[in-house]
Amino acid sequence: MIKIAVITGDFDAGAEIKYLSADGGGAVNSFLGQVRGEGDLEALELEHYPAMTEGALRKIADKAAAKWDLRGITIIHRVGRLKVGEQIVLAATCSDHRQAAIESCAYIMDQLKTVAPFWKKEIWRDGSESWIEARQSDRDAAERWDC
Amino acid sequence: MPHQINIVYFAWVKERLGRDQETVAFPETIKTVEELVEHLRNIDVSYFDVFSDLKKLRFALDHDFVGTDHLLASAKELAIFPPVTGG
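Line order of the protein sequences matches chains W and R. Numbering-wise (this note's numbering), the first sequence opens with residue 145 and increments by one. Numbering-wise (this note's numbering), the second sequence opens with residue 657 and increments by one.
Only chain R is shown next, with the shape it has when bound in the complex (with noise of 0.2 Å):
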């Protein structure tokens, strides 16, 4: 039974995939959110450029700020994007 997650893009990120947010599957063998990122590298072509460096990526899970070995468990929303510059 493969596992689904919403993911949403901001600022070049999204400007770069062409896309704001998609829901994508994934087989329950990938625990972690850089295990996530590298299986969409090697399934779609589209993802292989923009993710190639994870140091120039930040990542929010349910909207809290976590590193690229954190689980992604049960949570329903990934957000990827560059390090913020607000203020």
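Chain W extracted, bound-state conformation (with noise of 0.2 Å):
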């Protein structure tokens, strides 16, 4: 079971990972991103490209679904504004085994991470934005998987 949903409003983190869990298998694993608090940060705007978005997270779901064990994946990645400390993205993974749950879970959020079209805006205290500029460790992470 693959759940994806790209949404404005919040999310209910143990909601989804108890409905993920409910098929049964051994272990869930999952990563919850927040928007992290900087300075004088005070929101993230969240900009996506929403002809694609949902069809490259499902490429990214079904690749780790293709190479691992899995019960049930779900992504969940919202877009807006978003203020310090709220919720951005949950991904979830469900298996028989730890392992499988783990790894498969870090794959989805180093994908994510450089090959769903999202970006994030910085806005500040002062009223100044600025977009925030892809990392190098970042793609880094997603090349050292094999799939």
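Certain hints may be false.
[Stated by the list, open to error] In the PhoX-like style, the derived pairs of lysine-lysine whose C-alpha atoms are separated by at most 25 Å in a straight line are: (1) R/Lys687 x R/Lys711; (2) W/Lys147 x W/Lys207; (3) R/Lys670 x R/Lys687; (4) R/Lys670 x R/Lys712; (5) R/Lys670 x W/Lys265; (6) W/Lys227 x R/Lys670; (7) R/Lys712 x W/Lys265; (8) W/Lys147 x W/Lys211; (9) R/Lys732 x R/Lys711; (10) W/Lys203 x W/Lys264; (11) R/Lys687 x R/Lys712; (12) W/Lys227 x W/Lys265; (13) W/Lys264 x R/Lys687; (14) R/Lys732 x W/Lys203; (15) W/Lys264 x W/Lys227; (16) W/Lys147 x W/Lys203; (17) R/Lys732 x R/Lys712; (18) W/Lys264 x W/Lys147; (19) W/Lys264 x R/Lys670; (20) R/Lys711 x W/Lys265; (21) W/Lys162 x W/Lys203; (22) R/Lys711 x R/Lys670; (23) W/Lys264 x R/Lys711; (24) W/Lys162 x W/Lys147.
If you're looking for bench data, these hints aren't it; they were derived computationally from the structure.
These two chains come separately, so use the hints to put the complex back together.
Below, the structure written as structure tokens:
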């Protein structure tokens, strides 16, 4: 079971993990990303490419499902204006085995940072704005996976 | 007979161009993404700076990432944007 969602509102991470776990499986791994408080940061503005985003997330999930033996995958990503401390993204995987759940979840997050069409803009308290630049360390992390 | 394609822009590319999409006509001698971008730089100064360094841009044709040497073929939509920063 693969669940993909791109939403503006908040999500209940606990409820999502419970839903993912309901089919059984001995191992559930999740990653929750939130807006990091940095100096005078007020919020992040998350833009995306609506016609492409869900398909790109589904491709990531399909590749994870092909490489690891998984019972389920959930990827939820928010867009729009998100204040410091707000949730941005949930990636969760369910498997019969711990290693598959942990590795596939890490894979999904690494791919999400490099092949899903999202862009983050920082909104500062003084009203100034700056687009976040892609990081080489994220590209390196995504390339370490052989799939 | 000129070809045409819808181009969509995101993030700072969109902000610097001041528009989020447009339909562009181009001569049929233009075959690849890079050739189309060079063509745009030559015909309109608004593209000249924004598209000056292709290494700072990424491209998708009909919603799939492509390299600059990819053929436009009969694609309907080209997206031009900075490297992604989601997650």
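Discussion item. So, against the hints stated earlier in the document, which numbers end up violated here?
Written reply: Per hint list: single violation, 13.
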